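Enquirer: Each chain, written out:
Number of protein chains: 2
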Amino acid sequence: MGVPPPKPWPDSDPRVDELVNDVIGQVADKWTMLILEVLADHGELRFTQVGRHVPGISQKMLTQTLRQMERDGLVQRTVHPVIPPRVEYKLTELGYSLGEAFCGVWTWAEDNLARIEAARERFDAAKVG
Amino acid sequence: MGVPPPKPWPDSDPRVDELVNDVIGQVADKWTMLILEVLADHGELRFTQVGRHVPGISQKMLTQTLRQMERDGLVQRTVHPVIPPRVEYKLTELGYSLGEAFCGVWTWAEDNLARIEAARERFDAAKVG
DNA sequence: ATTTATACTTACCGTTTGGAGAGTGACCAT
DNA sequence: ATGGTCACTCTCCAAACGGTAAGTATAAAT
Chain B
1 MGVPPPKPWP DSDPRVDELV NDVIGQVADK WTMLILEVLA DHGELRFTQV
51 GRHVPGISQK MLTQTLRQME RDGLVQRTVH PVIPPRVEYK LTELGYSLGE
101 AFCGVWTWAE DNLARIEAAR ERFDAAKVG
Chain A
1 MGVPPPKPWP DSDPRVDELV NDVIGQVADK WTMLILEVLA DHGELRFTQV
51 GRHVPGISQK MLTQTLRQME RDGLVQRTVH PVIPPRVEYK LTELGYSLGE
101 AFCGVWTWAE DNLARIEAAR ERFDAAKVG
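Chains B and A, in that order, are what the protein sequence lines are.
Here the first sequence stands for residues 1 to 129, where the numbers follow the numbering used here.
Here the second sequence stands for residues 1 to 129, where the numbers follow the numbering used here.
Some hints here could point you the wrong way.
No copy is singled out in the list; a pair is fine if it fits within one copy or between any two copies.
List of simulated lysine-lysine pairs, DSBU-like, C-alpha gap at most 30 Å [said to hold, decoys possible]:
# : residue 1 : residue 2
1 : K90       : K60
2 : K127      : K60
3 : K127      : K90
4 : K30       : K90
5 : K60       : K30
Source of the hints: derived by calculation from the structure; they are not laboratory data.
Predicted model only: the values in this text are computed from it and were never measured.
Kindly generate the complete structure, drawing on both the sequences and the hints.
Expert: Shown next as structure tokens:
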């Protein structure tokens, strides 16, 4: 099998690595990515609308993730002081750029789904036999 | 005669999304990415060598993550039947391609570290004041 | 006989995650 | 007066995560 030779990674500074790992760890979780996708697709949405587009998310996780994304500067939260309350969320420029960066992983996963499933079946079969 | 729906994102099929989310969720965790980086940097390494390059990882997590990566077809595990045991790990082609896909997120995080930290400080300051 | 080395595996256990569901506040419609 | 709406917030609880430490197998070295 022709595996390409080890390519040097763009960065090796341990301090930067740590910060980057931290950022990625926070940013690359399930709900964050799903919400990122929803907002990239639909533009500006209200709280419950975002929730409707993310099947299976609980109110707690929706609030929590949206807050974290706001804190990180990925989404902009706009509160309209009316009753009943109206709060709208949309991606910032930073949020969009993250979406684009993630696009690579996303499409990688799409492109290689079959390969991964095949590898898993092979592995599990070998374990039994 | 429908208005063309705004669709900057590559995919919207819920079934594919679910699978992709699943794959990304498993693949995009802290230890997996760190090991991916290490193996991309160093080529083929033994168990303890990988561990030495991933500061803070426990034996348990090292074994577990390596196993999962093997199952997903990301790393190839080679056992040399000698005593004491000698087991070597290296990335497969699939593993390399994932590394490259993640590279985008990695560099995004590097490029935007300052912006994120600034956003956080702004957010936290606003919360206090 | 005991130690050493490697690559695990297992048991235990504290920490964290995250879901369910109830509560809140303010105003409008009935 | 009661109920409905919206965007949360809070509490309780079960499950998952992940670290520590001990155990396993084997053969060579002391």
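Enquirer: State for each hint whether it applies.
Expert: Results for each hint:
1. K90 <-> K60: Within one copy, since 19 Å is at most 30 Å while 40 Å is not.
2. K127 <-> K60: between (39 Å within a copy, 20 Å between copies)
3. K127 <-> K90: between (47 Å within a copy, 20 Å between copies)
4. K30 <-> K90: Both ways: K30 and K90 sit 18 Å apart in one copy and 27 Å across, limit 30 Å.
5. K60 <-> K30: both (14 Å within a copy, 23 Å between copies)
Hint violations for this structure: none, all hints satisfied.
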